[in-house]
Amino acid sequence: MSATNTNTDHMRPAENAVTAELSTQEQARLRAPFHRERVFRNFSYFSPLVILLLWEISAQLGAIDRRFFPPPSAIAETFLSMIVSLELFRHIGATLQRVAVGFLMGAIPGLFMGIFLGLFLRPRQIVGPILAALYPVPKIAILPLILLVFGTGDMSKYVIIAIGVFFLMYYNTFGGVRQVPQIYLDVAQSTGANRYQVFTQIALPSALPQIFTGLKLSAGTSFIIIAAAEFLGARSGVGFFIWSSWQTFSVTRMFVGIVTISMLGYLTLTLIDLIERRVVPWARN
Amino acid sequence: MSATNTNTDHMRPAENAVTAELSTQEQARLRAPFHRERVFRNFSYFSPLVILLLWEISAQLGAIDRRFFPPPSAIAETFLSMIVSLELFRHIGATLQRVAVGFLMGAIPGLFMGIFLGLFLRPRQIVGPILAALYPVPKIAILPLILLVFGTGDMSKYVIIAIGVFFLMYYNTFGGVRQVPQIYLDVAQSTGANRYQVFTQIALPSALPQIFTGLKLSAGTSFIIIAAAEFLGARSGVGFFIWSSWQTFSVTRMFVGIVTISMLGYLTLTLIDLIERRVVPWARN
Amino acid sequence: MTVTTETSIIVEGLTKAFYEPRTDSETIALKNLSFSVRKGEFVCLVGPSGCGKTTALRVIADLEQPLSGAVQVVGGGRPAVVFQEQSVFPWMSVQDNIAFPLRVRGMWRKERLERTRHLIDLVGLNRFEKSLPHQLSGGMKQRVSVARALAEDADVLLMDEPFGALDEQTRLELQQELLRIWDASGKTVLFITHSVDEALTLADRVLVMSHRPGRILADLQVGFSRPRDVVELRRDERFWDLTYEVWSLLKGSAVGEGEA
Amino acid sequence: MTVTTETSIIVEGLTKAFYEPRTDSETIALKNLSFSVRKGEFVCLVGPSGCGKTTALRVIADLEQPLSGAVQVVGGGRPAVVFQEQSVFPWMSVQDNIAFPLRVRGMWRKERLERTRHLIDLVGLNRFEKSLPHQLSGGMKQRVSVARALAEDADVLLMDEPFGALDEQTRLELQQELLRIWDASGKTVLFITHSVDEALTLADRVLVMSHRPGRILADLQVGFSRPRDVVELRRDERFWDLTYEVWSLLKGSAVGEGEA
Amino acid sequence: QSGPIEFLYSPFTDYAPFFVAQEMGMFERYGVDVSLAPKTGTAETIQLVASGNSEGGAATWGAGLFNSINMGATVTIVATMARMPESGRSPSPFMVSQQAWEDGIRSVEDLRGQRVGIPGPGGFGIYSVALALETGGLTVNDVEAVYLPPPATAAAFLNGSIQAGWSIEPFATRLEEEGLAQRLVEDHAYGVELGFIAFNTEFVEANEDAIVGLLAGYIEASRLLDGGGWDDPEVQGIIGEYTGMEPDLLNNIAYTVRPADGTINLDSVRAQEAFFHSMGALEYEGEIDISQVYRTDLLERANALVDSAQQ
Ligand SMILES: Nc1ncnc2c1ncn2[C@@H]1O[C@H](COP(=O)(O)OP(=O)(O)OP(=O)(O)O)[C@@H](O)[C@H]1O
Ligand SMILES: Nc1ncnc2c1ncn2[C@@H]1O[C@H](COP(=O)(O)OP(=O)(O)OP(=O)(O)O)[C@@H](O)[C@H]1O
Ligand SMILES: [Mg+2]
Ligand SMILES: [Mg+2]
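Protein chains in written order, with my numbering: chain D, 1 to 285; chain Z, 1 to 285; chain E, 1 to 260; chain R, 1 to 260; chain X, 1 to 311.
Among the clues, some could well be false.
[As the list claims (entries may be wrong)] Straight-line Cα separation of at most 30 angstroms, BS3-like style, residue types lysine-lysine; simulated pairs:
id: 1; chain 1: E; residue 1: Lys110; chain 2: E; residue 2: Lys130
id: 2; chain 1: R; residue 1: Lys130; chain 2: R; residue 2: Lys110
id: 3; chain 1: R; residue 1: Lys251; chain 2: E; residue 2: Lys130
id: 4; chain 1: R; residue 1: Lys130; chain 2: E; residue 2: Lys251
[Unchecked claim] Covered stretches of chain D, as calculated for chain Z (at least 3 residues, CB under 8 angstroms):
id: 5; region: 128–139
id: 6; region: 171–177
id: 7; region: 211–219
Calculated directly from the structure, the hints in this document are not laboratory data.
Think of the CB as a built atom: it goes at the ideal place given N, C-alpha and C, for glycine as much as any other residue.
Next up, chain D with everything else stripped away, as it sits in the complex (with noise of 0.2 angstroms):
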């Protein structure tokens, strides 16, 4: 009924318990989470490797046909002397250029289609379902149409990229404002937020976890839409090497194509992932 076991220290000043410090082992092993993890992760990036180790393999074994599916060394042969000869890198610029251009032209109005349309309910129900009509057209059948409106320079390409883009970023960003806890909405407006602090300040971040889905979805989807458009009234890019490669049956020059805009395609989407990590912090792990 009274006190048994008062800590003798309890009256120790205050100060004392503030500087309270962690022996060096509890430091190291405290810290040594994180860096396996960066370790652990660092070696992550390179997982991708074991396919293609794989498909060497199965070249080597003859589990799968050379001639159809060269082994990677033979790709990485052509691929180095592709390097050499510059030849690659012209195609590399021209598609990289196209996929900036065609994506931004994308994800900026899907993404602030996504947070308009997720806050407002009677343009919601209005322009939401012109959009989900407008999605499924096939982008391959409209492609002359395209053409018609936009030329056969570069500018169809980056519409056809933008076009695929948009949607991915608009449908994304507005789940994502749909998601937005009913709270933060409420804290805004009782501190008299206007309609854009509403869109910058609480929707935009706190959609950001699902945007950077769109994003990832977004920059994969432009890769292998590129690779398609550049088919069309193009003559350089990886797409239009993959395709001439193809119809000249240069199988080994094909694959050198279809590594090279995936490696690309996965850099982008790597460094989507570190942004990420830097710009969601207070997201899960």
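Add chains Z, E, R and X with the ligands to chain D, keeping to what the hints say.
Just chains Z, E, R and X with the ligands now, kept in the frame of chain D:
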């Protein structure tokens, strides 16, 4: 310093309070917004008709080239005659069957992979980069390989759709699971839930809103992809129909195909929206 | 005390119900609720869990529309609100969260951080200015919300169980600070609490609500002189009389939701 | 009281810190914390906001790993936990939330709903069995969490401010129910609260923690006979002595995080 | 061989004999069970056939075929698929856009430095365009090649992205009807070999009789078509089914043809190989040994079979 204004009826028996009822007007006012909403929503499903209207007007006014953009009225005429001749139904049936099978073949693994990698660190770090490297592989470029492995029949079309759907579902489910609030996982862990239960009881329902985003993206994309897949090596399906119309420059027929496939996609998206409304009742609005 | 005769908050015949379209059923949260708060007054609202306190506050804050009846906040400006729920933005640091209302007003970052520095002191989060909310304890997050509402410097302060998750010591300190600010600024405060002690310590008037649907059971004047000493207060016979009165009101009314 | 001499929870030299890789900085939440709880004992943990109470509970519940030191929950089964945070699953109805632990054990829906019906009564949510959490008030959600933890029927119950958001009446009722269940079942309870009143009403022993990094400042035996009457208790001189003791311990320790 | 022979085709009128032989029971009559499988390009056909995933198929000549034979694709070529007619309207005219025509481009010479639509870098399209340009003394390098398939060509004619381009029936006729383009050269590709029929080499060796039967059905259908069968509504219905073309489009357009015996004009093939060499599209030097993959005996047996049946 003491009660000054005690409400006289504070000693009313408690039952009285519970049986307190709203007046008829209040009842009506309470329900009115929901009825209004329902009416508005039902109308809003038809807002895509606005596109057709604008298009018709532009075509009639000669603002757009009718050789490439025949007015919707002309398209509707051809459409009706094809409905009457049952020609369209054969194509629609083939397309829907391919989309349904391919969609399921991609969505189910994508969902599982997303939950799995979302929950578990090590698999995520190893398999995640492999998927990120495979995602941007240009599908159109590896079509020949898919044909080689899966033959020229419908299986290769299922696979093409499944690949596209897989990544959309995977990334969205993954993103959703990564956003599951830690507290829910803690609750599950503290009750001794096993991995399977965490999977089905926590991660899946908590990620549902984002999974639905994935489903909508996948559904839309399935129709885009099938149109492309039926361009190559098919003799039925709406995609084949569009493509062969293009080959003969039968623009009106081609638009019948495009509108048909878009409508199928739109109906699917709307259906998913309705399901979402039922399955995710806890979401905002 | 700077209570005047001007009215600041008027709630008149407020009825609020929630409709559930899935089951076509309704929950009546408030039925014909009426009360008013004078300018500069400190009013506490107590009542059983689920009786509609939060709902009333949300209607006053213009976050929900009344089904019938009227609510008016007299005079300029919107009220500042401390929410019952966890409402700290996870993507903003402690200092940015607290300074958020100033950001809404378009103030520069430097200025708004300067202006809110004393609030960080006030809620005892000095070493945590730059921390993100997931690095804080439950009570620390609640303190951020309180500081954020104070940063608004609004004439009317609506607080929904703001000190609920705080230890008594921190709670007492913040109560004293709140009273000091209130006294110095002449703010009107409507304060929801589930602690009768707290209500009697803080309020000029205590409104006791019935269980759902909430009505005002009693409107009790709390006449203790200010500044009030928490310990002194408990020595006062009137404190226990009032406590007893509130408790018996609540007891007569608060039964488990379903038992009525 | 069924307190035995067997130990149920042992915390030995527990140190727990959080590392922030972005800034390469650490927050020491607990430093060398030691205490133990006997089987069947009801122990309350009080301490200033942010002192590490929740952290200690999470380590005991095996949701976090200690940096150094050891924690052991003796005997079968994992502890049931009531979390401080809002932890009700938004996608499950009230009854499904409460019955969730039984679902985890693979019980059929019909049986688990039957078995948890009395818990819904207990927390007074009878008309809300089928409601979803977003239709509940703050206090009602908290009651769902409490009922869920009770549904587990574990030997050890870890409760983190479970009655924080409840009005006094509901709180008193639930306190009495908890004591009744504890008394009948011989459960071990570790109960975090910020209310000294509550601690003294419920506990066999009160552990008072220092401010961060948390250590045990005092381990106070609460010797009142049971069952305890809340009103009677407050008439007891020893109640006020203990209250005073805890308060002065907290006062000596609890200062705003940054003022130390 | 169990089950039907999977035979690859593309949905164009050039492949009409296969559709007709299949639907009118000619394959069946010669005792072969064929299933027609649609595909897209030469490269896929070679890949699928050489790998044994399909037994055989028809495809067009081009750099893809030459390169694949060079790298040892295990295919055996047995007959022609189609060739350009020797005279008259071309099934694949070289066209100039209406706009360019009005701007004064009236001859091939005027196209120097202009943009010309070509379906791709490795096939019949570019060869045909090269032949058309040659009639005006130009080469492909004298113009700016823009790679576009037919549907996109229409759009490109209208918006001025190209001044001239390759085309094919019935697309060409439709372009004229819509006032988008005009025929500029018709006679450039007379007699050029368009495509071939090939089978997996192993399959050929093991199933000679089946291939003879298939070729016999093909020859009979070809003779039917080239002997005026195009106007038969039943035939038009069949072709419409496989190509997605409306039957009335099939009237009044020019078609590719086949010699009555289905033999390949190797000179034309050699000329094409030389052309792709000059374009740098081939991965080897000199000429490949076509005789190594070209077998004529099966075609001779098939012709005999058909001749005896038709007597
Ligand atoms: N969005 C909603 N939909 C349906 N019912 C609701 C909603 N919000 C509140 N309610 C109901 O209204 C009633 C009053 O809720 P309110 O949140 O105002 O209670 P409260 O007095 O604040 O309770 P507490 O002290 O537990 O926070 C409750 O019965 C609750 O179930
Ligand atoms: N995930 C985390 N990352 C970094 N710091 C953390 C984390 N969780 C807790 N802390 C820090 O640990 C300390 C103790 O937190 P804890 O939640 O245990 O406090 P508490 O005693 O439960 O406080 P309260 O009564 O306010 O809930 C706090 O200073 C907090 O900032
Ligand atoms: Mg409330
Ligand atoms: Mg805590």
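A quick look at each hint next to the structure:
In summary, the hint linking Lys110(E) to Lys130(E) is supported, as the alpha carbons are separated by about 14 angstroms, within the 30 angstroms threshold. Between Lys130(R) and Lys110(R), the direct Cα distance comes to roughly 14 angstroms. Compliance with the 30 angstroms bound is thereby established for this hinted pair. For the hint pairing Lys251(R) with Lys130(E), the CA-to-CA distance comes to about 27 angstroms; that is within 30 angstroms, so the pair holds. Between the alpha carbons of Lys130(R) and Lys251(E) the distance comes to roughly 27 angstroms, so the proposed pair stays at or under 30 angstroms and holds.
Chain Z is given as covering the region 128–139 of chain D, and this holds because 11 residues of the stretch bring a CB closer than 8 angstroms to a CB of that chain, at least three being needed. Under a criterion of three residues with beta carbons nearer than 8 angstroms to beta carbons of chain Z, the stated coverage of the region 171–177 of chain D is upheld, 4 such residues being counted. For the region 211–219 of chain D, the proposed coverage by chain Z is satisfied: 5 residues have a C-beta within less than 8 angstroms of a C-beta in that chain, meeting the threshold of three.
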